[in-house]
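Student: What follows is the residue order along each chain.
Protein chains: 2
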Amino acid sequence: MIFCYNQLEVCLKVIGGKWKGLILYHLHFGPKRTSELQKLVINITQKMLIQSLRELENDGIVKRTTYNQVPPKVEYSLTELGFSLHPILVTLAEWGGMYSDQLINNEEESQNV
Amino acid sequence: MIFCYNQLEVCLKVIGGKWKGLILYHLHFGPKRTSELQKLVINITQKMLIQSLRELENDGIVKRTTYNQVPPKVEYSLTELGFSLHPILVTLAEWGGMYSDQLINNEEESQNV
DNA sequence: CCGTATCCTAGCGGATACTG
DNA sequence: CAGTATCCGCTAGGATACGG
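As given, the protein sequences belong to chains A and B, one line each in that order.
At position 110 of the first sequence the residue is numbered 110 (UniProt numbering), and the sequence of numbers has no breaks.
At position 38 of the second sequence the residue is numbered 38 (UniProt numbering), and the sequence of numbers has no breaks.
Treat the hints with caution; some may be incorrect.
Because identical chains cannot be distinguished in the list, a pair is counted as satisfied if it fits within a single copy or across any two copies.
To be verified - Taking lysine-lysine and the DSSO-like style, the derived pairs with C-alpha atoms no more than 30 Å apart in a straight line are: (1) LYS63 / LYS73; (2) LYS47 / LYS18; (3) LYS47 / LYS73; (4) LYS63 / LYS13; (5) LYS63 / LYS39; (6) LYS13 / LYS39; (7) LYS32 / LYS13; (8) LYS32 / LYS73; (9) LYS39 / LYS73.
Simulated from the structure, these hints should not be mistaken for lab results.
Could you build all of it, start to finish, from the sequences and the hints given here?
Tutor: What follows is the structure in structure tokens.
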């Protein structure tokens, strides 16, 4: 059953961290090259981008495809497992949005009082 | 709009970390005293328990009730916002379980090949 | 029983410079 | 263009001891 040991932790390990969610979000719309991702994921450094992608690759969430050509070209895409993560990410983001809204409302209330 | 800026990060900030999910899980079944929680959440240190509870309290997820008596008694319970988190945690844990199963199957496959 | 303070460590996340 | 190496600060998480 659910919550035996710590499946929650397993999931958080995979999608946790500062950038992975964002990367997965962008990959959901199709394969992306490294440089494309770096433009899409605002403010990410190359190190964190590559590092995150490596971890996601090892976890079986993204797939890395190399084209042997000059200049080099590499594309990242979601695996089936990666796509299965999308609804979860959306749910999390929705809650985050709802939560942020609530904070704002509460502030307004306390100002009115 | 979903995924504007980083609502995902907001959510992960609240439920992320090693213990918060577990704590919230146990609180879902009703208010708990500090010492009860420490027994339920296996291996958590007192520091991390209190620290996690404080953060959840500041985020409006749990409510802390003190009873003025000797010996002191404190109870923690979920707020409405806290309860709204439960389906999300379940989804995350389900995915974690599915993911773990998949890992096992893949290992078996690669052994058969 | 409940909570705080202190000290310590590993790793995340980041800036920068460098290879092929 | 893609990726690696190095150096560094910060903080999450943990062990332990103490106070009300």
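Student: Each hint should be assessed against the structure and marked as holding or not.
Tutor: Going through the hints against the structure:
no.: 1; hint: LYS63 / LYS73; result: within (14 Å within a copy, 53 Å between copies)
no.: 2; hint: LYS47 / LYS18; result: both (13 Å within a copy, 25 Å between copies)
no.: 3; hint: LYS47 / LYS73; result: within (18 Å within a copy, 49 Å between copies)
no.: 4; hint: LYS63 / LYS13; result: both (18 Å within a copy, 27 Å between copies)
no.: 5; hint: LYS63 / LYS39; result: within (19 Å within a copy, 42 Å between copies)
no.: 6; hint: LYS13 / LYS39; result: both (25 Å within a copy, 24 Å between copies)
no.: 7; hint: LYS32 / LYS13; result: both (23 Å within a copy, 27 Å between copies)
no.: 8; hint: LYS32 / LYS73; result: within (10 Å within a copy, 55 Å between copies)
no.: 9; hint: LYS39 / LYS73; result: within (16 Å within a copy, 53 Å between copies)
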